[in-house]
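Please work from the sequences and hints to get the whole structure.
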Amino acid sequence: MSDSKRVITRRQVIRTGMAGILATGVAPLVLSRNSWAQDKNFCNNPDSKSSVTLGFNMPLTGAYADEGADEQRAFELAVEHLNGGGDGGMIPTFSSKTLKGNGILGKKVAFVTGDTQTKADAARDSARRMIERDGAVMISGGSSSGVAIAVQGLCQEMGVLFMAALTHSNDTTGKDKKRYGFRHFFNAYQSGIAIAPTLAKAYGKDRVAYHLTADYTWGWTQEESMKNATEALGWKTLTPVRTPVGAGDFSQYITPVLSSGADVLILNHYGFDMVNSLTQAVQFGLRDKQVNGKQFEIVVPLVSDLMAKGAGAAMKGIYGTSNWDWQLQDAGSQAFTKSFGAKYGQPPSQAAHTSYVQTLLYADACERAGTFYPPEVIKSLEDYDFDGLGNGPTTYRGSDHQCFKDVLVVQGKESPANPFDLLEVVDTASKDSVTYDPAIFGGELGPYEPNKCT
Amino acid sequence: MDILVLPRKDLIVFICFAVVVLAMPIWLTPFGAAYPGLMQKFVIFALFAVGYNILFGLTGYLSFGHAAFLGVGSYTAVWSFKLLTMDVLPALVLAVVLSGIFSLAIGYVSLRRSGIYFSILTLAFAQMCYNLAYSVLTPITNGETSLQLSRLDARVVDAAFGVVRGERLPSPSLFGVELGGHAGFYLCAVVLLVAFFVAQKVFNSPFGMMLKAIKSNQTRMSYTGFNTRPYALAAFVISGMYAGLAGGLLAVTDPLAGAERMQWTASGEVVLMTILGGVGTLIGPVIGAWLIKYLENIFSAFNDAMLHRTFSFLPDGLQDGVVAVASKFVGEGWHLTLGLVFMLVVIFLPGGIMEGARRIRMAFGQRSGSAPQTKPDPVPAE
Chain A
1 MSDSKRVITR RQVIRTGMAG ILATGVAPLV LSRNSWAQDK NFCNNPDSKS
51 SVTLGFNMPL TGAYADEGAD EQRAFELAVE HLNGGGDGGM IPTFSSKTLK
101 GNGILGKKVA FVTGDTQTKA DAARDSARRM IERDGAVMIS GGSSSGVAIA
151 VQGLCQEMGV LFMAALTHSN DTTGKDKKRY GFRHFFNAYQ SGIAIAPTLA
201 KAYGKDRVAY HLTADYTWGW TQEESMKNAT EALGWKTLTP VRTPVGAGDF
251 SQYITPVLSS GADVLILNHY GFDMVNSLTQ AVQFGLRDKQ VNGKQFEIVV
301 PLVSDLMAKG AGAAMKGIYG TSNWDWQLQD AGSQAFTKSF GAKYGQPPSQ
351 AAHTSYVQTL LYADACERAG TFYPPEVIKS LEDYDFDGLG NGPTTYRGSD
401 HQCFKDVLVV QGKESPANPF DLLEVVDTAS KDSVTYDPAI FGGELGPYEP
451 NKCT
Chain B
1 MDILVLPRKD LIVFICFAVV VLAMPIWLTP FGAAYPGLMQ KFVIFALFAV
51 GYNILFGLTG YLSFGHAAFL GVGSYTAVWS FKLLTMDVLP ALVLAVVLSG
101 IFSLAIGYVS LRRSGIYFSI LTLAFAQMCY NLAYSVLTPI TNGETSLQLS
151 RLDARVVDAA FGVVRGERLP SPSLFGVELG GHAGFYLCAV VLLVAFFVAQ
201 KVFNSPFGMM LKAIKSNQTR MSYTGFNTRP YALAAFVISG MYAGLAGGLL
251 AVTDPLAGAE RMQWTASGEV VLMTILGGVG TLIGPVIGAW LIKYLENIFS
301 AFNDAMLHRT FSFLPDGLQD GVVAVASKFV GEGWHLTLGL VFMLVVIFLP
351 GGIMEGARRI RMAFGQRSGS APQTKPDPVP AE
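Chains A and B are the protein sequences, given in the same order. Residue numbers for the first sequence follow my numbering, so the first one is 1 and each next one is one higher. Residue numbers for the second sequence follow my numbering, so the first one is 1 and each next one is one higher.
The set of hints was computed from the structure by calculation and includes no laboratory data. Heads up, some of the hints might be wrong.
Claimed, not checked - Lysine-lysine pairs mimicking DSSO-like chemistry, simulated, CA-CA at most 27 angstroms apart: (1) K328/B - K309/A; (2) K175/A - K328/B; (3) K201/A - K175/A; (4) K328/B - K343/A.
This is the structure:
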């Protein structure tokens with residue numbers, strides 16, 4: 001090899017290589033720097049453009065795909081309403097009157113979508129595409145708290161607002177809270193407080209609970225919150241069992257429940273996982289058993305219409321909590337349900353509701369701030385009181401970016417009047433009763449000043 | 001300095017490759033892929049596939065567990081950011097070393113078998129690693145939630161050098177230069193070029209020749225008195241270290257490590273990349289990696305509105321029909337497209353995309369005198 005005449009020396013390799021790197025490497029750097037040129041120093045400033053792009057990042061595949069599909073419908077509806085299309089949905093009922101149906105700050109609203117696959121990696125890839133390539137000024141979406149926390153961290157780094165949609169873990173606005181992340185949805189801690197009185201009334205104060213928990217941040221915090229809330233009632237808790245997300249078959253986890261001595265099964269599952277585990281638990285005859293001289297019961301702390309639909313008859317009589325229900329009678333809920341139903345032929349789920357509301361809240365915050373500059377938008381959202389978006393009077397708390405509003409306690413209906421009439425609101429926990437001290441979860445929000453777009 | 005010398009043909013390949021990689025921000029623009037996030041992925045997964053090909057392409061050992069090493073690399077790098085320093089050099093070195101140790105252990109056991117048994121063993125080990133990361137070792141890996149940096153992490157080396165803890169999360173840096181966006185891409189690109197060069201050297205070396213001999217007939221090798229296992233193990237460890245380096249770079253460009261990076265689908269992905277591009281060729285796996293990452297990131301983002309815009313030149317009724325059909329292949333249906341492409345390639349171009357390229361060259365009669373890079377799989381003699 002080395003005695004061939006065509007050998008090129010190391011020096012030549014280095015020389016040609018350096019020339020190549022200089023020629024090809026530096027040129028695009030110089031060129032692309034200009035493409036990020038900005039008047040104001042923040043990411044994807046839309047001031048020079050006629051439209052503003054929002055990025056919607058949802059699970060379109062995987063265990064939470066149903067919720068993701070419904071979120072996408074809601075986002076599209078919100079964009080339509082912001083641009084003046086349709087009947088305006090909740091814009092007329094919203095207490096803030098800044099939205100005029102002419103986009104945001106006079107700019108037409110465009111949107112891009114992405115599939116999170118319910119995986120942190122894929123979700124961050126997708127969010128980066130929307131921020132770096134498509135120029136999104138706001139990212140919304142969720143359906144898995146693990147994903148929401150991962151994307152929220154990315155958005156903080158990129159200096160782009162993250163309006164979390166469906167994420168229920170305490171950590172999202174607790175120990176992993178971020179200055180650029182906002183959550184309208186309620187959390188596991190509030191579920192625990194809200195459902196405890198109903199459980200005490202229905203099932204008594206002397207119960208032994210068995211937890212099956214989705215093995216990630218949401219499951220952990222919901223298990224903890226439920227454990228605290230039910231132990232305060234006097235219930236005992238057995239060692240919880242963690243199950244992988246998207247397990248599909250839960251029979252191996254359900255069989256041991258019968259011999260454990262527990263008389264209540266708490267399913268900290270969501271999406272298809274909850275549909276599967278609940279259906280299997282009922283098929284295994286858990287609800288027909290008598291344990292410790294009491295009827296065996298199942299509790300699903302977080303339920304939605306979509307899951308109730310999936311679980312069918314198994315859902316009857318099961319207690320849980322919800323952020324919102326389409327059968328609420330206030331003007332906002334009615335208006336939203338009407339325009340959603342007119343467009344898609346079905347009532348919206350709570351996932352759709354929170355997605356829609358978050359988009360409107362972002363638009364309104366920009367209008368009130370008079371700019372897209374994130375620190376100003378953040379300040380106009382912090383400690384903001386509003387009404388008319390379906391949950392009654394609501395506060396966006398500034399110290400952890402969590403929304404405080406009433407929490408619904410729901411029960412699966414015994415005899416549904418129609419295919420969508422699946423859950424019944426049996427109790428409402430007031431906003432004051434579910435308000436807590438932000439210090440109990442720790443975490444810190446971080447700075448207002450945006451990082452430069454890289 | 002023979003070690004830095006390449007034969008002329010390989011040197012041309014290397015220079016062309018370098019130009020293509022470094023010019024990515026230019027030539028990817030028309031494809032809508034010229035943003036840092038995706039270009040980083042392109043380069044990193046190319047690195048992963050090049051390393052994987054050293055094992056699979058040269059020795060023929062089909063490992064179904066390489067994602068485990070990718071994950072080990074990522075976790076190591078993030079922990080290095082958390083505990084030691086935000087500088088990327090220690091992170092990458094530790095990622096390579098630790099994944100090397102892991103691959104040594106797994107390879108030592110798995111290589112006692114060959115063929116399908118080897119594949120199943122590696123798959124089993126990788127799945128074990130995944131489950132450990134997912135639910136057993138959650139204090140180290142943070143399970144499904146993924147391991148992330150925190151502003152209050154120890155970072156003892158940084159602290160010893162008097163780096164003041166800022167108000168925001170620090171980002172990975174190389175000698176003080178922050179590595180977001182394009183800077184991160186160029187770092188990965190340079191690492192890929194170095195790794196590609198090393199792979200070229202391996203392919204040309206007597207060691208590489210031994211590996212090819214293992215692929216063509218291992219039994220005969222043993223009869224001629226060679227102990228093949230150390231060679232195969234060395235190839236396994238090298239490719240495991242490549243995977244660890246790729247995992248480390250993933251953490252450098254985006255400081256987060258999740259368990260799903262180690263799942264068997266991720267292991268399968270690199271096999272697909274290699275087969276799609278061309279097993280045993282140097283460039284093939286790189287092209288395969290780019291194709292799959294492109295489909296995954298760009299095709300999956302198409303939605304109906306975009307399709308309607310694309311097909312807006314068609315009459316209304318026809319447009320709806322075309323969009324209805326096309327929408328099955330984009331968005332969440334991108335796997336379907338990937339599956340079709342894979343089937344077409346395997347059926348019509350068993351040597352991967354590189355074989356397609358070679359056939360086109362042959363058709364134009366440009367026999368450059370050099371032997372084609374892809375040789376058909378050797379038929380066992382006798």
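Cross-check of the supplied hints:
1. Restraint check for K328/B and K309/A: the C-alpha separation of about 25 angstroms stays at or below 27 angstroms, so the hint holds.
2. Taken as a hint, the K175/A and K328/B pair is broken in the structure, with Cα atoms around 40 angstroms apart against an allowance of 27 angstroms.
3. With a C-alpha separation of about 33 angstroms, the suggested pairing of K201/A with K175/A is violated against the 27 angstroms cut-off.
4. A hinted pair counts as satisfied when its Cα atoms are at most 27 angstroms apart, and K328/B with K343/A qualifies at roughly 22 angstroms.
In terms of the numbered hints stated before, the structure departs from hints 2, 3, listed from lowest to highest.
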